[in-house]
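Number of protein chains: 2
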Amino acid sequence: MKIVFDAFGGDNSPIEAVKGAVLALEARRNFSIVLVGQQEIIFNELRKYQYDKDRITVIDAPEIISNDDSPVLAVRKKKNSSIVVGLKLLNDIPGCEVFVSAGSTGAVLTAATLLLKRAPGVIRPALAPVLPASGNKQVVLIDCGANVEVKPEMLAQFALIGTAYARAISNNQEIKVGLLSNGREVGKGTSFIKDAYDIIAQDDRINFIGNIEARDILSGEVDVVVADGFSGNIALKASEGTALMMLKLIKESILNNGIRAKIGYLFLKPVFKEIKKTLDYNDNGGAVLLGLDKLVIKTHGSSKAKSFKAAILQAASIAEKGLITQVSSILTE
Amino acid sequence: MKIVFDAFGGDNSPIEAVKGAVLALEARRNFSIVLVGQQEIIFNELRKYQYDKDRITVIDAPEIISNDDSPVLAVRKKKNSSIVVGLKLLNDIPGCEVFVSAGSTGAVLTAATLLLKRAPGVIRPALAPVLPASGNKQVVLIDCGANVEVKPEMLAQFALIGTAYARAISNNQEIKVGLLSNGREVGKGTSFIKDAYDIIAQDDRINFIGNIEARDILSGEVDVVVADGFSGNIALKASEGTALMMLKLIKESILNNGIRAKIGYLFLKPVFKEIKKTLDYNDNGGAVLLGLDKLVIKTHGSSKAKSFKAAILQAASIAEKGLITQVSSILTE
Chain H
1070 MKIVFDAFGG DNSPIEAVKG AVLALEARRN FSIVLVGQQE IIFNELRKYQ
1120 YDKDRITVID APEIISNDDS PVLAVRKKKN SSIVVGLKLL NDIPGCEVFV
1170 SAGSTGAVLT AATLLLKRAP GVIRPALAPV LPASGNKQVV LIDCGANVEV
1220 KPEMLAQFAL IGTAYARAIS NNQEIKVGLL SNGREVGKGT SFIKDAYDII
1270 AQDDRINFIG NIEARDILSG EVDVVVADGF SGNIALKASE GTALMMLKLI
1320 KESILNNGIR AKIGYLFLKP VFKEIKKTLD YNDNGGAVLL GLDKLVIKTH
1370 GSSKAKSFKA AILQAASIAE KGLITQVSSI LTE
Chain C
1070 MKIVFDAFGG DNSPIEAVKG AVLALEARRN FSIVLVGQQE IIFNELRKYQ
1120 YDKDRITVID APEIISNDDS PVLAVRKKKN SSIVVGLKLL NDIPGCEVFV
1170 SAGSTGAVLT AATLLLKRAP GVIRPALAPV LPASGNKQVV LIDCGANVEV
1220 KPEMLAQFAL IGTAYARAIS NNQEIKVGLL SNGREVGKGT SFIKDAYDII
1270 AQDDRINFIG NIEARDILSG EVDVVVADGF SGNIALKASE GTALMMLKLI
1320 KESILNNGIR AKIGYLFLKP VFKEIKKTLD YNDNGGAVLL GLDKLVIKTH
1370 GSSKAKSFKA AILQAASIAE KGLITQVSSI LTE
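Line by line, the protein sequences are chains H and C. Here this note's numbering runs 1069 ahead of the position in the first sequence, where the first position is 1. Here this note's numbering runs 1069 ahead of the position in the second sequence, where the first position is 1.
Among the clues, some could well be false.
Per label pair, the in silico range of CB-to-CB distance [said to hold, decoys possible]:
1) C:Gly1279 with H:Arg1145: 18 to 28 Å
2) C:Lys1122 with H:Leu1335: 32 to 42 Å
3) C:Gly1164 with H:Ile1278: 40 to 50 Å
4) C:Ile1084 with H:Thr1401: 15 to 25 Å
5) C:Asp1272 with H:Lys1148: 40 to 50 Å
6) H:Asn1160 with C:Val1141: 46 to 56 Å
Derived PhoX-like pairs (lysine-lysine); straight-line CA-CA distance at most 20 Å [to be verified]:
7) C:Lys1148 with H:Lys1338
8) H:Lys1375 with H:Lys1342
9) C:Lys1331 with H:Lys1342
10) H:Lys1345 with C:Lys1317
Just so you know, these hints were derived from the structure itself, not from any lab. In this text, all values refer to a predicted model and were calculated from it rather than measured experimentally. Where a beta carbon is used, it is the ideal one built from N, C-alpha and C, also for glycine.
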């Protein structure tokens, strides 16, 4: 299996990206990596490491798409960027079915939608991160930003696609699905949420528990939360912002509470480490764009080597499990 | 000044509600309270306390609206409920301009919209909680659920109303406003967010900093976050759910990390207390429904005496500051 990896996406590329790729190769043996980006610089970085040369190919892509570029314009004009070249490789090289990038979310989504084919029957692809939930569980949030304006039928498909994804990553077949709304009662939400509720409730392929409030996304009660891309994005980022604020509050409060608090902190260090690890994006890989005939993983722009490694291993794992086929099967069941 | 207080709203009424009312009277002297609910039971509760009898009036309201009732039906049929009777008192008794309730959000919003007049020029009232933000700041989130479907002009008014509210509670005149969207760049968001952006950006009365992501709501960067009621509700509850999950994670992690972690916890107890206090809804009062000719404060359904007390003091304080007049002024400036 070949994984195409954007060595020039994100704030810490290519140094951390190349390092992450080498670390991923060391961790598992069942894939090779196609590194895409400015060739000379990538080779210079690779020289720092010992690695299996048969498992890394470098493809030149001299142009760079930044977060300041307009996604649509950038994808159209920068044909030699790592994002455009990388995604095209998925179509051109047999055995390539995953692209991993920490580049501009807008550009990755735009390019993927333009350059890759939709999987049979899919109305619109959706972006799905996996979040840590209570009780050591995981929850798939689908969509978190690929579709800002949605139709009810799209949400119903997200429920199916999310079910396939949750099955693939959990080995659990009984996937519970909730629909993100502003209250649990039937009839809560915008008109498209209410219509989506009716469609999802009638679909036997979905184990639908009804509306779920944003308060309960991380409760472990459901395995999949279906959302329109706008609300899903807001739920994801509100959660992220609150977690960061709390860690900051704890830190400030420890600093302001004298020696006693500092001693307490020393004792509790393993606890804080554990919590940071649970919440850490770096360990959780990236969000997967689902619904195309190839897989695209978008990792955090601030990814470091550890996070790139996690995303590449995630790519290997979902490709190995045949996620694309599973998404197609559930849609045509 | 008279504050009308629903003694039968929420999970812990009337015991905690009556206690909260007595505590509020002790804390400040510039208001009296009209307690609404089942008269005999309220009198029985009041008998437990020493209080200034001139400052409490009890009005009988034998019916109870529960969270299971359909808001619209309940408001129409239960004319003798504490919510309906209480809101009508605002129109009937001179000097009454605030109603405080921990009852069903749907019923309180429905009844307020039906029974009270809109303030001049207001398209739709909005529900605005105040959240704790970094750097000991506060942020007004408007709307968080009163208007699930919105028009751009409504969002522009929320920016103005939110500015008036933030001024009243902070004594700061330079109120910064952000619009909740799925990215900072101009042009991000649903069509109604994009249209609202243009209207708000052109309004000289608003100190508009542009779009804000949900990640930055609690950053202290803005004083007001404008949102449609659906997204605002999701941001609020995602934040609440994440804070709860983190506290749970910390607790579980302390329990699982042996004696060392438990000692650390003892040392850090003041820190955790401080954090809980910052995040605690019980100290922060309730969300204010703004845009009507009277003020309505909706407190958490799980409110206890301390929280009821905080909400009554909040009511006294915003009424005293002439918030209704300030909202009207900014809209007609």
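Here's how the hints hold up against the structure:
Our hint of 18 to 28 Å for Gly1279 (chain C) and Arg1145 (chain H) holds, since their Cβ atoms are close to 26 Å apart. Look at Lys1122 (chain C) against Leu1335 (chain H): about 55 Å separates their beta carbons, and that is not inside 32 to 42 Å. A C-beta distance of roughly 48 Å is found between Gly1164 (chain C) and Ile1278 (chain H), which places it inside the suggested range of 40 to 50 Å. Distance hint check: the CB atoms of Ile1084 (chain C) and Thr1401 (chain H) are about 58 Å apart, inconsistent with the given range 15 to 25 Å.
Look at Asp1272 (chain C) against Lys1148 (chain H): about 42 Å separates their beta carbons, and that is inside 40 to 50 Å. In this structure, Asn1160 (chain H) and Val1141 (chain C) meet the distance hint of 46 to 56 Å, their C-beta atoms being roughly 54 Å apart. This hinted pair does not check out: Lys1148 (chain C) and Lys1338 (chain H) have alpha carbons roughly 57 Å apart, beyond 20 Å. Distance restraint check for Lys1375 (chain H) and Lys1342 (chain H): the Cα-Cα separation of roughly 16 Å lies within the 20 Å cut-off, and the hinted pair is therefore satisfied.
Proximity of Lys1331 (chain C) to Lys1342 (chain H) is assessed by CA-CA distance (about 15 Å); at most 20 Å being required, the pair is judged to hold. Between Lys1345 (chain H) and Lys1317 (chain C), the direct Cα distance comes to roughly 14 Å. Compliance with the 20 Å bound is thereby established for this hinted pair.
The structure does not agree with the numbered hints 2, 4 and 7 stated previously, though it agrees with the rest.
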